[in-house]
Each structure stands twice: as structure tokens, then as C-alpha cells.
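A.B. asks: Residue-level listing of the chains:
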Amino acid sequence: MIGFIIRRLLASIPTLLAVLTLVFLLVRVVPGDPAIAILGDRATPETLSALRAELGLDRWIGTQYFEFLGHALRGDLGTSMVTHRAVWTEIAEALPHTIVLTLAAMAIGCLVGIPAGVWAALHRNGTIDVLTRLLSLLGLSFPVFVSGIFLLIVFALQLHLFPVIGNPRPGDWIDGLHKLVLPAITLGIVMAAYVVRVTRSSMLQVLGEDYIRTARAKGVPRRSIIWRHGLSNALIPVVTVVGLYVGILIGNSVLTEIVFNRPGLGKVIVSALTQRDYTMLQGMMVIYCFLIVVVNLITDLSYGLIDPRVKQ
Amino acid sequence: MTLRITLSAALTAATLVTIPASAAPKTDLKVGMAAQDVGQLDPHRAVSTIDRTVVAWIYNGLVRFKPGTMDPKQIEPDLAEKWESSSDKLDWTFHLRHGVKFHGDFGELTADDVVFSLKRASDAKTSAFSADFAAFKTIEATDPYTVHIVLARQVPSLLGLVTNYSGGYIVSRKAVEKYGADFTRNPVGTGPFAFVSDTPNQSLELAAFGGYFRGKPKLEHVSYRYIPSDSSRDLAFQNGEIDLIYGKQDQAWINRIRALPNSVVDVFEPGELANLSLNITAKPLDDLRVRQAIAYAVNRPELVKWQGADTARSGQSVIPAGYLGSSNDVGLVATDVAKAKALLKDAGYPDGVTIKIIHTQLPQMLGSMQVVQAQLRKAGINLDIQVVDHATFHQQIRKDLSPIVYYAAARFPVADIYLTQFFHSASIVGKPTAVTNFSHCDVADKEIDAAKTETDTEKQVALWVEAQKKIVAAVCAVPLAEALQIWAHRTDLDYGYELKASLSLGPLLTEATHFK
Chain A
1 MIGFIIRRLL ASIPTLLAVL TLVFLLVRVV PGDPAIAILG DRATPETLSA
51 LRAELGLDRW IGTQYFEFLG HALRGDLGTS MVTHRAVWTE IAEALPHTIV
101 LTLAAMAIGC LVGIPAGVWA ALHRNGTIDV LTRLLSLLGL SFPVFVSGIF
151 LLIVFALQLH LFPVIGNPRP GDWIDGLHKL VLPAITLGIV MAAYVVRVTR
201 SSMLQVLGED YIRTARAKGV PRRSIIWRHG LSNALIPVVT VVGLYVGILI
251 GNSVLTEIVF NRPGLGKVIV SALTQRDYTM LQGMMVIYCF LIVVVNLITD
301 LSYGLIDPRV KQ
Chain B
1 MTLRITLSAA LTAATLVTIP ASAAPKTDLK VGMAAQDVGQ LDPHRAVSTI
51 DRTVVAWIYN GLVRFKPGTM DPKQIEPDLA EKWESSSDKL DWTFHLRHGV
101 KFHGDFGELT ADDVVFSLKR ASDAKTSAFS ADFAAFKTIE ATDPYTVHIV
151 LARQVPSLLG LVTNYSGGYI VSRKAVEKYG ADFTRNPVGT GPFAFVSDTP
201 NQSLELAAFG GYFRGKPKLE HVSYRYIPSD SSRDLAFQNG EIDLIYGKQD
251 QAWINRIRAL PNSVVDVFEP GELANLSLNI TAKPLDDLRV RQAIAYAVNR
301 PELVKWQGAD TARSGQSVIP AGYLGSSNDV GLVATDVAKA KALLKDAGYP
351 DGVTIKIIHT QLPQMLGSMQ VVQAQLRKAG INLDIQVVDH ATFHQQIRKD
401 LSPIVYYAAA RFPVADIYLT QFFHSASIVG KPTAVTNFSH CDVADKEIDA
451 AKTETDTEKQ VALWVEAQKK IVAAVCAVPL AEALQIWAHR TDLDYGYELK
501 ASLSLGPLLT EATHFK
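Line by line, the protein sequences are chains A and B. Residue 1 is where the first sequence starts when you use our numbering, and the numbers rise one by one after that. Residue 1 is where the second sequence starts when you use our numbering, and the numbers rise one by one after that.
Please note that the accuracy of each hint is not assured.
To be verified - Footprint (simulated), chain A over chain B, 3 or more residues, beta carbon under 8 angstroms: (1) 53-64; (2) 127-133.
Unchecked claim - Chain A is nowhere near these chain B residues, computed Cβ spacing over 10 angstroms in every case: (3) 36; (4) 39; (5) 341.
Quick caveat, the hints were computed from the structure, so don't treat them as lab data. Every residue, glycine too, gets a C-beta built ideally from N, C-alpha and C.
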């Protein structure tokens with residue numbers, strides 16, 4: 001197992017290197033000048049070039065690249081061109097909010113999606129099945145900025161159960177949880193909609209397998225067939241999907257954070273992009289790629305826990 | 001428990017929680033700003049509406065516009081108690097107020113800070129407004145409370161340059177030296193509100209400055225929140241979570257917010273004039289007849305109608321209305337599609353012409369441009385609009401990549417600045433002295449230059465009017481519409497003055513601003 005983890009981690013290194021290079025290039029290919037973004041429309045060319053020099057943007061692009069690479073490999077992502085704070089500091093402040101939101105959405109997605117998927121599979125083509133499929137389609141069709149606003153109108157404006165502005169007071173757990181509910185549900189809906197579909201089809205496939213028929217014939221109780229024999233085998237593709245969709249979830253979390261005005265990586269990256277904060281953008285993209293590499297690793301590892309065959 | 005009981009119990013609980021807050025007089029102001037984040041809190045680099053609005057609460061100038069106005073005639077003492085100038089207006093002496101304190105431990109304001117600030121504002125390395133100070137020859141402190149400024153040549157409004165606006169803000173020398181490049185996130189001024197903290201992408205917190213020279217502000221705390229999503233910001237305002245909100249220059253928005261209980265929509269100056277700058281050196285616009293065709297094809301009343309009666313008014317010249325030297329009789333033509341077509345035919349384009357332009361994706365600007373596009377199409381002028389994001393737009397128009405540039409702006413309310421930046425040949429984009437002359441206009445240089453040093457106000461105004469007429473005749477630009485500033489506040493908030501105008505583009509918060 002440890003050998004497997006090490007091999008996987010080593011395999012991630014070229015990926016990260018390629019990502020670093022790509023990130024550096026992509027950020028610079030985007031037109032728009034950080035100096036103009038910072039100084040605005042009235043700045044004279046002299047002022048702009050002074051700022052470019054201050055930001056180190058007047059140097060040869062190769063120098064900038066190797067410096068970035070060297071720093072990044074040592075774990076130094078530099079300082080933001082706009083806020084003058086370390087990129088790490090900003091990420092460290094935003095990351096927990098995004099992780100909490102994503103995990104909460106995943107939890108909602110799995111807690112709602114898996115039982116609903118199993119239920120739908122057991123009532124194949126029945127009313128419950130049709131209804132589940134319809135609801136999941138609805139969940140996938142509504143972008144989070146629509147469902148988020150809808151939840152805000154109902155639960156914040158009409159019922160006054162939650163505030164519209166969702167940045168939690170630092171250190172206040174109850175406040176944090178309170179303000180997490182609506183964004184987590186918004187994002188959870190998307191997740192649940194994916195999970196339902198995969199669980200349903202995977203469950204249907206497993207239930208058609210020979211060993212299930214054998215178990216039935218031997219008189220194994222229905223409950224045991226569904227949960228022990230059926231679900232445990234049906235879960236492997238579900239885990240893969242959950243792992244793969246973390247990327248989509250992170251993308252949707254950007255929008256969710258904007259709608260609910262929650263702090264998090266999403267808000268930071270959008271602001272870095274509009275302000276052409278190169279160092280910040282680079283740092284954020286590195287972190288996103290790193291997160292996806294890690295999530296894929298965890299997904300691979302969790303197969304081992306669910307499926308004994310992978311362990312060997 | 002049924003759902004209904006649960007909900008009503010929750011509702012009661014929520015109501016109970018909010019009651020104690022309203023029992024005590026409210027002193028916390030929450031502002032909702034359309035922004036991802038604040039950019040620059042260094043006043044000499046603060047250019048966006050987001051930055052300007054908040055910088056105005058932190059800093060003072062030597063003089064200031066009477067709160068709520070932007071009338072140069074109503075400029076009043078701020079950090080300077082009084083001032084005098086020589087008869088040729090080249091020699092100015094400002095006498096500072098005694099006992100003015102900077103925020104924090106940065107001590108008393110002295111002439112040294114003023115000299116430092118004005119020199120900093122006029123240095124291109126440290127200021128986005130350095131061009132405004134080109135005429136400054138010397139700035140020196142003759143004693144701790146006296147500042148002496150000598151100009152190399154006359155300027156249309158020296159007081160305008162040292163107001164609480166752009167380069168006129170006075171910073172603490174000690175603070176700038178202490179924080180260096182980080183000063184932009186550690187602002188230290190003398191204004192009614194002092195910086196407390198800044199949480200990136202969330203909010204900026206300010207506290208009343210107890211040592212403010214006009215007395216302790218009535219508001220104790222101001223939270224400037226960045227809420228980029230328009231709908232979330234509106235919902236938060238509607239839900240009473242914010243008291244003051246950045247609005248939209250859009251009639252539907254104004255109507256909707258006006259209909260809410262407990263809310264007032266603020267509509268105030270300055271109007272931002274949108275001009276269509278036509279690059280007179282680029283094909284096919286180098287032909288005057290093509291430019292005239294565009295001028296005849298544009299329908300200003302229709303644009304105003306589209307933007308909304310409360311926020312928009314028709315452009316009347318190539319500079320905004322109400323500026324010293326502006327005129328509403330500069331020879332603008334009324335819409336005449338037939339004439340536009342005839343001119344186009346004369347110019348050798350009987351089947352119409354297509355012009356490729358670059359424009360920003362900002363919804364309001366894009367919408368207005370699409371209206372213009374539809375109007376021009378009627379005359380056979382097809383605008384092929386390439387939409388890019390706002391930062392890209394700004395970069396590319398400065399590289400002359402768009403022969404037609406839609407640009408909306410407000411400047412200091414004196415004709416000179418607008419004319420110089422948009423229509424003087426020195427300001428042509430691409431030149432080392434470039435500002436925002438996208439049209440490559442050079443037809444009124446003589447008048448603009450002469451007006452700068454003209455001491456007789458009447459003659460000066462006449463020169464400015466002549467310049468506008470020449471620019472309009474050459475069709476360097478076609479004025480479209482002016483959009484006023486739109487904010488909204490809850491009825492219990494009292495600014496402490498009547499808000500008719502604000503050069504910082506957001507409501508000014510003063511020591512008198514309070515909740516009723």
C-alpha cells in the first residue's frame with residue numbers, strides 16, 4: 001500500500017511541473033496589463049512603466065519563468081501584486097472555507113444521492129424511479145447561481161432563517177455552520193444529482209449479476225442482498241464519479257462563493273483574474289491543480305478500502 | 001411538530017435576535033460595493049470607483065468641495081485654514097490648521113507632510129495623477145504650518161488640484177516611509193474614518209477617528225463589503241443586511257429599489273459622459289464624410305430613453321455638461337439617417353461599410369454599445385464588435401487596436417482636463433505622453449493650450465468653447481449620453497448633508513453622517 005502511494009506521488013511530479021509551466025504561460029497569454037488594471041485609465045505611460053518595473057514585469061520573460069519555477073518548487077508562491085500579501089497567506093485563509101463547503105456538499109450529495117439511487121434502482125421504471133430521475137435532471141439543469149438565488153429568496157428574504165451575506169465571523173463555529181447551510185445545499189444539489197444517476201445505474205448492473213441471483217436462490221434475506229452484496233459492489237463506480245466530480249464541484253464552488261459572498265478560493269481567483277494579479281493567479285492555479293491531483297490520489301486509494309481486489 | 005410550527009418558531013427566534021440591535025442607536029454602517037476586492041488605498045493610485053469611494057473617507061486635501069457638491073466655486077478650507085495667491089496666480093501660500101492629527105501614532109500633520117504628499121502626487125513613479133501636476137515648479141514648507149507653491153505657468157484651477165480628490169489627498173510621510181510598498185494596504189490619513197483591517201475578497205473595516213479635527217464622527221464603525229454578485233448585493237440590501245449600496249445606472253434597477261420599503265435611491269453628479277472616439281487616422285474613419293455619417297446616424301434621445309430618464313441625459317458636447325467652459329452650442333447634428341447614407345455614398349461606400357471594433361464585456365457599456373450598433377446599422381455602418389473582458393479592453397484600446405472607442409468618464413469639472421486628456425495631440429495613445437486621446441485628434445491644440453494660461457476667465461471660456469466646436473466639426477468624437485451616479489441607502493441613514501454630487505463617485509461619509 002505504501003509503495004503504491006509513493007509511486008502515485010512520484011507520478012504526480014511531472015504532472016505538477018507541466019502544470020506550473022502551463023500556468024505561467026497561460027497567465028501571460030491572457031491579454032490585459034496588470035499595471036493598467038492596478039493604476040486605471042488615467043495613469044501616464046511613465047507611471048505604468050514605473051509600476052511594471054516595481055512588479056518585475058519589465059524583465060525578460062524567461063527570467064520571470066525560471067524565477068517563478070524556482071520559487072514555486074521551494075514552496076514560495078510570491079506576493080500578490082495587488083494586496084502585497086503573501087500568496088500563501090491568502091490561500092491559507094481562503095482554502096479552509098472552500099474545503100469545508102466542498103466536503104459539506106459532498107456529504108449532502110452522498111447522503112441524499114446514494115440512498116435515492118438505490119431506492120430508484122429497486123423500483124426500476126416505477127413512479128419513484130421516474131421521479132428521482134426527473135429531480136436529478138432538474139438538479140443538473142439549474143446552474144448554482146440560479147438555485148442559490150432561489151434559496152436566498154425563500155430562506156433569507158421570505159423566511160428570515162439565514163442571512164444573504166455568508167461570510168462567517170472568524171472563530172464562531174455556530175455562525176459558520178449557520179452560514180454554511182444554504183451554500184452547501186446549493187452545491188449539494190448538483191452533487192446529489194450526479195450521485196443519484198451513477199448509483200442507480202451501477203446498482204441496476206450489480207443486481208443483475210449472477211452472484212446476486214445465486215444469493216437470492218440460496219435464500220439470503222433481501223436486506224442483506226441489497227446492502228451487503230449489492231451496494232458494496234455498486235459503490236466503486238460511485239466513488240470514481242465522486243472523485244472525478246470534485247473538479248466540477250470546485251468549479252461550481254466558485255459560483256456558489258460569489259452568490260453567497262462566502263470567502264474561499266473561488267472569490268480569490270475571480271478577483272485575481274479581474275485585476276490581472278499574475279502572481280496570485282499562478283499561485284491559485286497551482287493550488288487547484290494540486291488539489292485535483294490529491295483528490296485523484298485519494299480516490300485511487302479508497303478503491304482499496306472498498307474493493308479487496310485492488311488491495312492485492 | 002409540524003413544519004408550520006417549526007417555521008414560525010424559527011421566525012420568532014430570528015425576530016427576537018434582531019430586536020436588541022435596533023433598540024440602541026445604530027452606529028455601524030454597512031456598505032455593499034460591487035467589487036471583488038478593493039485595489040489601492042494609496043490615494044495617489046486610487047483610480048477605480050471602488051477605491052476612490054473609500055479613500056475619500058480616510059483622507060483630506062488642503063481644501064475640499066463642500067460635502068455633497070462638486071462646484072469649484074464652493075471649495076472651502078480643509079487642512080488649510082486659509083490661502084492666498086499672487087495676482088498672476090503663480091505663487092500660492094497655504095496656511096495649515098494647527099493640531100490636525102494623523103490616524104494611529106503618526107502624530108500631527110505638518111507642512112512637511114503636505115510637501116511630501118504633493119511631491120509624491122506629482123511623481124510618475126508614485127502617482128497615477130502626476131500629469132495633473134506638470135505645472136508645479138516648487139513645493140516647499142516655509143514653516144511647520146505654511147506651504148508655498150510656485151507654478152511654472154498658470155493652471156485653470158490650482159485649488160482643484162489640492163482638493164480632496166485624486167492627487168490632492170494628503171498622506172502621512174512617516175507612514176509612507178514606514179510601510180513602503182505596503183502603504184497601499186495600510187492607509188494613514190487625517191480623515192473622519194481610520195483603517196482598521198482588510199480581509200481580501202470580503203470587506204474593509206474602518207473605525208471613527210476620535211482625534212478627527214472636525215470632531216468625533218457620529219458613526220463608530222464602517223464596514224465596506226465587497227459583494228460582486230449584483231443579485232446577492234440587492235438581496236442583502238433588501239434584507240436589511242447592508243445600509244448603503246452601490247447601484248446600477250439602469251432605470252429598471254432604480255424603479256425596483258425605489259419600490260422597496262425603507263429605501264432611497266441617490267442620483268447624483270458627476271455625470272459620466274460617454275463619447276464615441278473615432279480614430280481620424282484609421283481607415284475608413286480618416287475620411288471626414290464617414291465620421292460625419294456616424295454623427296448623423298447616432299440617435300442620442302433614443303440612447304437616453306434606453307438607459308433611463310433618472311440616470312441618463314443626452315450628451316451636449318464632447319465634454320460633460322456643467323463643467324466650467326462647457327457649452328451646449330457646439331454644433332452637434334441631429335439624427336438624420338438619409339444624410340448619413342448620402343455621406344457614406346459620397347465617401348465611396350454606397351453599399352455600407354464594416355468597422356471592426358473592440359469593446360468591454362461590462363454589461364452596461366456593452367448594452368449601450370449594442371444600441372449604438374443598431375442605430376449605425378440603419379445607415380449602413382456595421383460595427384463588428386469584438387467583446388473582451390474589461391482589463392483586456394483597456395490594454396487593447398491603448399494599443400490603437402480599436403478604431404472606434406466607447407469611453408465613459410468624468411473628470412475634474414473644468415473643461416481643460418477633459419479637453420487635454422481626450423483631445424490634445426500630446427495625449428494621443430501610443431505617444432510617451434499618452435493619456436486617453438483615442439481619436440488622434442489634434443485640431444484644437446492651439447485653443448486648449450492658449451486657454452491653459454489665459455487669465456481672463458471670459459476669454460478662457462471662449463477658447464474652450466472654440467476648441468469644442470473644432471473637435472465637433474472634425475468629428476473626433478460623437479458624444480452619446482451622460483450617466484449619473486446611482487447609489488441607494490436605507491431611510492434611517494442621514495449623510496449629514498444634501499448629496500447632489502461627489503467627485504469620489506460614492507457618497508462622502510463625514511463626521512455628521514449618522515443613523516436617525
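A.B. asks: Per the stated criterion, does the least C-beta distance between residue 341 of chain B and chain A lie above 10 angstroms, as a non-interface residue requires?
C.D. replies: Per Cβ check, residue 341 of chain B is outside 10 angstroms of chain A; nearest 35 angstroms; holds.
A.B. asks: Go check the region 127-133 of chain B versus chain A for me, would you? Three or more residues, Cβ under 8 angstroms, otherwise it fails.
C.D. replies: The restraint on the region 127-133 of chain B holds, since 5 of its residues have a Cβ under 8 angstroms from chain A and three suffice.
A.B. asks: If you count the residues of the region 53-64 of chain B with a beta-carbon closer than 8 angstroms to a beta-carbon of chain A, do you get 3 or more?
C.D. replies: violated (count 0)
A.B. asks: Grab the minimum beta-carbon distance between residue 39 of chain B and chain A and tell me whether it stays above 10 angstroms.
C.D. replies: violated (6 angstroms)
A.B. asks: Run the C-beta distances from residue 36 of chain B to all of chain A and say if the shortest one exceeds 10 angstroms.
C.D. replies: violated (3 angstroms)
Hints 1, 3 and 4 from the earlier list are contradicted by this structure; the remaining hints agree with it.
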